[in-house]
Structures are given as structure tokens and as C-alpha cells.
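For the record, the sequence lines run as chains A and B.
Residue numbering for the first sequence follows this note's numbering, starting at 7 and increasing by one per position.
Residue numbering for the second sequence follows this note's numbering, starting at 412 and increasing by one per position.
Worth double-checking, as some hints may not be accurate.
What the hints assert, rightly or not - Just so you have them, the derived chain B footprint on chain A, three or more residues with Cβ under 8 Å:
1. 119-133
2. 212-224
3. 238-247
These aren't lab readings, by the way, just hints derived from the structure by calculation.
Glycine included, C-beta positions come from ideal geometry on N, C-alpha and C.
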Amino acid sequence: MYRTPTDISNRALAALTGLAARRAPVSGGGGSCVEIAAVVAALAAGLGACGGPYPQSAVHPASDMAVKLDDLFDQILWWAAGVFVVVQGILFYTLFRFREKQARRRPREFHGHTLLEIGWTLVPALILVAIAVPTIRVIFEVDRPTTDENALVVEVEARRWWWEFSYPEYDLVTANEMHIPVGRTIDVRMRSADVLHSFWVPRLGGKRDVVPGRENHIWFKADSTGVFLGQCAEFCGVAHALMGFRVIVQDPSEFQEWVGASLLDAPRPTSADGRAGAGVFATSACVGCHTVRGVATAQQGFGPDLTHFGSRLTIGAGILENNVDNLVTWLDSTQHVKPGALMPEVEMSEEQLRQLARFLLEMR
Amino acid sequence: MNSQPAGDRSERLDGLNARARAMGQAWKPRLAVVADWMTTVDHKKIAILYFLSGMTFLLIAGMEGQLIRVQLAQSELRILDPNLYNQLFTMHGTTMVFFAGMPLIIAYFNFVVPLQIGARDVAFPRLNMFSWWLAVFGGLFLYASVPLGSMPDGGWFAYTPLTNREYSPGRGMDFYVLALLLAGVGTIAGGVNFVVTILNLRAPGMTFMRLPLFTWMALVVSILILLAFPPFTVGLLFLLFDRNFGTHFFDAAAGADPLLWQHLFWVFGHPEVYILVLPAFGIASEVIPTFSRKGLFGYPVVVFSGVLIAFLGFGVWAHHMFAVGMGPLANSVFAGATMLIAVPTGIKIFNWIATMWGGKLRFTTPMLWAIGLVSMFIIGGLSGVMHASPPTDLQQTDTYFIVAHFHYVLIGGLVFGLFAGLYYWFPKATGKMLSDKLGKWHFWLTLAAFNITFFPMHFSGLLGMPRRTFTYPSELGLDGFNLVSTIGAGLFTVAFVPLIVNLWKTLRNGEPAGANPWGAPTLEWSTGSPPPHYNFAVVPRVQRRDPLWHPWIRPEEEEAGDHEDAGPGGVEPRLQPEVAPEPVVMPSNSWWPMVMSIGMLIATVGGLGSLETTLVGAAITLVGLFGWAFEPAFRDGAGHL
Chain A
7 MYRTPTDISN RALAALTGLA ARRAPVSGGG GSCVEIAAVV AALAAGLGAC GGPYPQSAVH
67 PASDMAVKLD DLFDQILWWA AGVFVVVQGI LFYTLFRFRE KQARRRPREF HGHTLLEIGW
127 TLVPALILVA IAVPTIRVIF EVDRPTTDEN ALVVEVEARR WWWEFSYPEY DLVTANEMHI
187 PVGRTIDVRM RSADVLHSFW VPRLGGKRDV VPGRENHIWF KADSTGVFLG QCAEFCGVAH
247 ALMGFRVIVQ DPSEFQEWVG ASLLDAPRPT SADGRAGAGV FATSACVGCH TVRGVATAQQ
307 GFGPDLTHFG SRLTIGAGIL ENNVDNLVTW LDSTQHVKPG ALMPEVEMSE EQLRQLARFL
367 LEMR
Chain B
412 MNSQPAGDRS ERLDGLNARA RAMGQAWKPR LAVVADWMTT VDHKKIAILY FLSGMTFLLI
472 AGMEGQLIRV QLAQSELRIL DPNLYNQLFT MHGTTMVFFA GMPLIIAYFN FVVPLQIGAR
532 DVAFPRLNMF SWWLAVFGGL FLYASVPLGS MPDGGWFAYT PLTNREYSPG RGMDFYVLAL
592 LLAGVGTIAG GVNFVVTILN LRAPGMTFMR LPLFTWMALV VSILILLAFP PFTVGLLFLL
652 FDRNFGTHFF DAAAGADPLL WQHLFWVFGH PEVYILVLPA FGIASEVIPT FSRKGLFGYP
712 VVVFSGVLIA FLGFGVWAHH MFAVGMGPLA NSVFAGATML IAVPTGIKIF NWIATMWGGK
772 LRFTTPMLWA IGLVSMFIIG GLSGVMHASP PTDLQQTDTY FIVAHFHYVL IGGLVFGLFA
832 GLYYWFPKAT GKMLSDKLGK WHFWLTLAAF NITFFPMHFS GLLGMPRRTF TYPSELGLDG
892 FNLVSTIGAG LFTVAFVPLI VNLWKTLRNG EPAGANPWGA PTLEWSTGSP PPHYNFAVVP
952 RVQRRDPLWH PWIRPEEEEA GDHEDAGPGG VEPRLQPEVA PEPVVMPSNS WWPMVMSIGM
1012 LIATVGGLGS LETTLVGAAI TLVGLFGWAF EPAFRDGAGH L
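Just need the whole structure built from these sequences, with the hints factored in.
Pasting the structure below:
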């Protein structure tokens, strides 16, 4: 989704100013002025150009919630930029004008000036009021449960170090990849199974901490389809950095198809390897924690539900692309790929690992 | 730092030797020097001890920061093991705040405050030394976890339940809790000491509205310490009990709320920011007038804005918790209070600029650091306003945007202020001038390194780089920003070289400073450099603010470099006489603060799981306490400060 050079330059500007590209269509071209400004700004900072696309950016919003947050940020940014220029300007003018010159007389003593003091108290206070008013308006918009009765509820359970998503409306459970329909309000209700986590998909909305013992919520309505990156944003231990997830925003019809397919039991493996892998799965330690509907039910609900694992994009909470080789690596050296992961490394032959991987991938 | 005119030193050594002989022991002179430093109650020596221990921990924590930046130089690196990375950022934050920042500001309080108020020492000289021992022992105890391989890894903020026994089964967080409890005792004692000192030991005529700004901020900060550390201590004790004695103060499963820890931590943690930054503001308020040749503009406004920042600082802690789901009303209130703090902070900045306006600016090294502070703090302040707004904070909290923000506050504010103070008061402390040329190299290199390291973090944060992650996927597209930050961090190390060289060269053969090399207005510049043990041969009588500048220096005097008072004889403080007209009795050295601190250290070590050790430590502590209580403060006969 992020490929064209035009886009990159737009995003460079957005990176530098937090503005601009938000309104530009994700895959279209902006005006040439914007591009030139973007390139100049990027070069000026000597930075912007070295970044690629920014799929986890807070300044490229793609939902009503994220747009609200970003609009407010833009307003504050402009005030801050103005204050920065004025105050640093006065400071440097003062430094230049009153630098020591031999000829100058000694300074005249003056100890204060009431009007000036009142002035530089009131002006910042007024600027802060100008920031506080929209701030409080937005707080009361975003920091309450959604009022949209048609909202799709997604229950999130954050665990060390992965995410479980369930859809009470469809009685459906999945992990690490949250499918949602575009244009419908999503009511995310989150709970923690262990420590503090924080649910964060910057392009769809701000963070919300997942606190043990309470249910927190956040809502948003995605305005375009695509894959959006999210990540745990509250330090939660060894593998905190590797607790990513993806939100896959689909057309409503595609979403319904996904729901329908996901509700089915896992398909029978088609290849011989896959069938052998099913046997390995059902007789090894895997089934202790992982459920595959239609094959085996976990004895304890510690690990992600793996039904339809083959349709997922990534392995291990967004760490590796989902393919046979990566899957074998993951199963063989889990603790190297994701140090601290609670999944033990199981002793298996190369052949068994490959069969297991085949089995998992064939469950689409 | 301890070099003094040769005659002075040998005199002192003679005295010590005489005393050692009188005690019936054949001390070698070198050992006597060490013993003197271990038992000293002289605020100037304790200041040097605080400075050296603080700088040592600053360099250690700085190296930890370097390692963090190396690991983050590119995406998906595995240079550091994630466990080690988590330990490093925990140690970096904890060390910087508690064992570098706090001791360094207290070093400056110690050296400057008694001199600025015309006192001969602090109110409780032995308590002062006790505070230093605990600060050092706290740090050493924390670092004892390094060879034992169990460094704390739950972050300097130690959020429960991650730091409970269940999720942090190792000894690491016990080291954290116990080290901070130990050092906290010393910090609170220090707070008491400076409040009492500033309230009671001011020279005649040194009214509150004549108090130099640095001393004002020391008073405000000491009060902040007294109010902020107790809730943190309570929180630490709760955590200690939860971890070791099966209590459930933070256990959600038992009906408690893990957010309680966050409230206790931040009701300390936010005022802590002002504890660290207000002294730096105080330093800027000393340095800027001196090198503008002009009194501080709007003195009462600057004072009260400092007091107001401190007061408001207690009403904003929950802005660290905007994402926990406190609800719109609480978020609005804390947002409003937080934004309000920008007003007194702005007032200070405008008054500093107004002080320079119309002045005659001399860009000496301390002045450059002070100007750097003003300029950099504006950036930190403005990014602070951005996440004072809870909706924008929902995107910024726990990202590198916040990392950028608070490094602009703590380096741009605190560290720049500390360096301004170092170059400013070093001549007073040692009698020697630091090289201006090397000082400027140090300043410009640090300014560049600092901005190269931390400015890109604003972007990487907004573009999706979360904090406290040992690595990040390359698909985030943030390799460029991170690489620049890492290069800047490397330059930071280089920037320290001119400072080290400067200190080394100056201590060996620096230019003599004289009493008042900068032509500064406050009392510390009226006595010798370094000041005699008793600071002031004659207790000064103060008649106005900026006593050494009044009546205002006439041009011909300025030319002669003679900035002492030219007012009516006898009533205004002049440069102090070389020799005290009458004998001055100073408090005697004491071993008891050290004995008591060692007892407390041993008791703390026992806190890791050995009741016997704790009891032994408690016994030694008691011995120290009684020995201290029954030892006269002035051994050579009755006396008072």
C-alpha cells in the first residue's frame, strides 16, 4: 500500500510537520508544490528521506478516532511552532543586540515591569485556553463508550505476549490478527490475562492501557481498507517488543466471508505431509495449549487458537511472515525468535517439524 | 577538586596529624586525608563528594544509554539480549534519576546554599554526611546486582503487576526497591537539612526577598522532597511487602488495583521532575544576571513562579496515566492543571530574556550553558504542552516522542544547568579557572550531540516507535531516524572529552581565580576561593539583594575589575578579611554517620532474604545512632555555627 515515491515524499513532509499527507490519498499523487516542499523539508532535516513508509504512524490517520486525535495534534503543533519561532526569535535577537561591545555603556538597572509581567502571563494563558478548549471537547468525544448501537464488539484479551480477539456477535475467536469491516464502528473492549499491556494501532486510534482487573475500551471506524500495524505499548516484560498485531480492514462483504470461513472447523489437510502433521499436532505437546477446532481442543487455554492458522499473515504476534520455512524456524527455535515466549521448544525431528508446518499452513 | 594552595593543605594536614597523634594513633598522612574525607562534616567537602559520586553514576548511566542506542541503531538487531536490554533501560533511568540527578543537585545545594546565605555550614552537618553515605550505599547496593547477574528489569517506573513476585521472580526488583528505600532515607534527611538551614541560618539582613534565586529554588525543592518522597516510600514498602510477605496491595485478583502503584509512583514521580529542574532554573537565574551585568528582571515574579511550579507540580501526576482509562473528567482536570504549569515556566523564560535585554552580555562558558538551557527548555516545554492534551497523548505516550520530550527537559534543563553551575562555581570551589576555550568546545559539542540524538526521536515517536522495546521491525521504516540518534549518542561521549581534559588540566595548573572572578553579585563571591573552612571570617550583614553590586558599580570600577561594594563603610558586605578577627569554632569530624549508614546498608542487604543479616545491620545502626547522639558536635569545647 505504500509504494510510490510521491507517497514517500508526502510522508516525509508529514513526518516533519505532522501534517499534510493525512489528507492526501494513500496511493495517489499530491500537488507538486507539496512534493517540492516535502523534499526540501526532508533534505533540510537530513532525515526524512531515509525512512520508508510508516505503517505504524500516528500522523497518517485512517479512522474517525485517529483523525480527531491528529486534527487536535495539528492545532497544538501550529501553536507550538508559532511560540517556538517567536520566543527563540526574541531570545536570539536579544543575544545579538546586547552582546558585549567595548564602547557600550554599562547597563541601566531596571528591576521589573508590571505590565510586561502581566502581558507574558496573560498571552501564554490565552494560548493555553485556545488549546484547552478543543482538548476538552475531544476528550469528551473520544474518552467515553461509543454511542453507536450498530457497533461491532471485539473483545481483546492481552497476554504475554500475544493478543486474542473474540467476536461475541459471531462466537468467533482468533489471535494476533483482527479482521474488521470498513465503515462500521468497532467497539474494542479489552482485558488483561496477566500484566499491564496497551492496545495501540496508531493509524486507527490512540493507546488504551489494558489493566488487570478492569475492562477498558476504545472505539473507531476505519475509513479505508488495508492492513494496519499495531503493537503493545506498555512495557510488559521480556518479549514486549515482539507483541505486535495487525488489524485487517476489509469491505463488509469480504469481512462476512472471512467470518463465515472462520466459523467452520479446520479443513482436512490435503497433502500426505499435512495429514501426518495433524497427527503430530494431536499427539504432541502442542495440543496442551492450542486449540484447532475439528482436530483437537486445548487442555488449557494458554496459547492462541490455531484454527485457520494458514490464513494468517504472520507468526508469533507479528514477528515473521507466515510460510513453511519461517514456521519450521519458529517451532524449532522459538526462544531464539522470540526470547521469553511462553511456548516451550518441543523436541521434534526435522521431518516432523516440516509436517507440522504443512498441517498448520493447510488450515486456511 | 580538592587541590588548595600548598601551604593551606600542609597546615591542615599538620592539624590532622596532631589530632591523630593526640588520639594515640600513628596515622600516615595519606590515610589521614582519607579519614578526613570519610568523616568530614564540612558542607564544601560533602558537596565535592556528592559531585564525584553523582558524576560517576552519570557516566555509568550514560554508558548504559550508549548501549541502548547501539542496540537500536538499526531494526531487528540482536546485539543485546532482550533481558539485558530491559535491565539496561531500567538501570539507566533509575541511576540517572536517583544516583546521578539527585546527588548532583544536592552537591550544588551543599556547596552554594550556605555560602549564599552567609552561613558557616548547614544546620545539621553530620546528618549531611549521613545523607551522602546513604546516597552512595544506595547506588552501590543497586549495582551489586550487576555482578550477581540479577539487575532489575521492570523499568525505573516499576509498574505492577509486572514487578510482582509472580512476573518478576528474580532478585532484580528487590534490588531496585531496597536501593531506593535506602537512598530515600538520605534524600529525605537532606531535604530536612536544607529547609532548616535556609530557614534558620541566613545571615543578618538576608530576608526572603533578598535570597539569591538558587537558594530560593533549593528551599522550594527541599520542601518538594519532603512532600514527594514519603508517598513513594509507601509505594516501595507496599511493593516490598507484596513481593516478599504475601500482601496484596496491588493484586487485582485479590480485589486491589494495580493502578494504585501508578498513583503513588507518579505523585512522587512528577514532582521529582521539578525537584531536578528547579535547581537548574535557579542556576540560570544566577548565571544570566551575572553575565548580563544586570540584576535579575522581575525577581519576585521569578521566585513566585518557581513556587507556583512546585505547587502545581503536585496536581498533575495523572498526566502520566491518560491512557489507563480514568474517564473524561479526570483526564480534563489533569490536562488543565498540566497546561497551567506552562504559564509560570513561560514567565521564567521571559524574565530571563528581559534580564538579558539591555544588558551587556558576556558569552562565557557558564553563560553559554545557561542560554542553552533557556533555548533547549523551550523545546522540551512545548512538546510537553503537546502531550498535556490527553487525546494527543494517547498517540504520544510510551513512544519515542516522550523520550525526546523528557530528555529535552532533563538534559536541556537539568544537565545544561548543572554544567552552567559547574563552570560558574568551579573557580569558587577550587580557586582555579576552568579553561574557557575547552569549556566552549564542551558546550558546542554537547549541544550538537544532544540535538542529533534526541530531536529525531520526535519523528520516530510520532511515526510509530514505541518505548522500552529492545528492537523494532524494519517494516516500520524507522531505521534512518534511529541511526541518526545512535550517531548523536556516540558524539555525546566525545563531547565529554573536553570536560575531562579541562578538569584535569585546571586542577594541575589552572589560572588562579581570586575571590570574585565573574564580578558576581551574591555573597559566596565575597569570600576566598576556595573559601576557608569557616566560609566567612566575619558574618556578613546584608542590606539588599545582590549585595556585592550595590550601589551599582561605577564604570571606572568596572574597568579596574573591582566589583566589591563601594557603599558606606561597614554596613554592606565587603570582600571578607583574610584572617578571622576572632577564633571560629567549627563542628568536628565524626565517624558515626558512616557507622550508622553501614548498619543500614547491612540491614538492607539482609532485606534480600536474610533476617539475621538485617538484625545485625539494625544493631549496628543502633550503635551508630547512640554514638552519634552522645557525641558532642563541637569536640573542642562548646560552640555553635
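>> So, against the hints stated earlier in the document, which numbers end up violated here?
In response: Violated hints: none; all satisfied.
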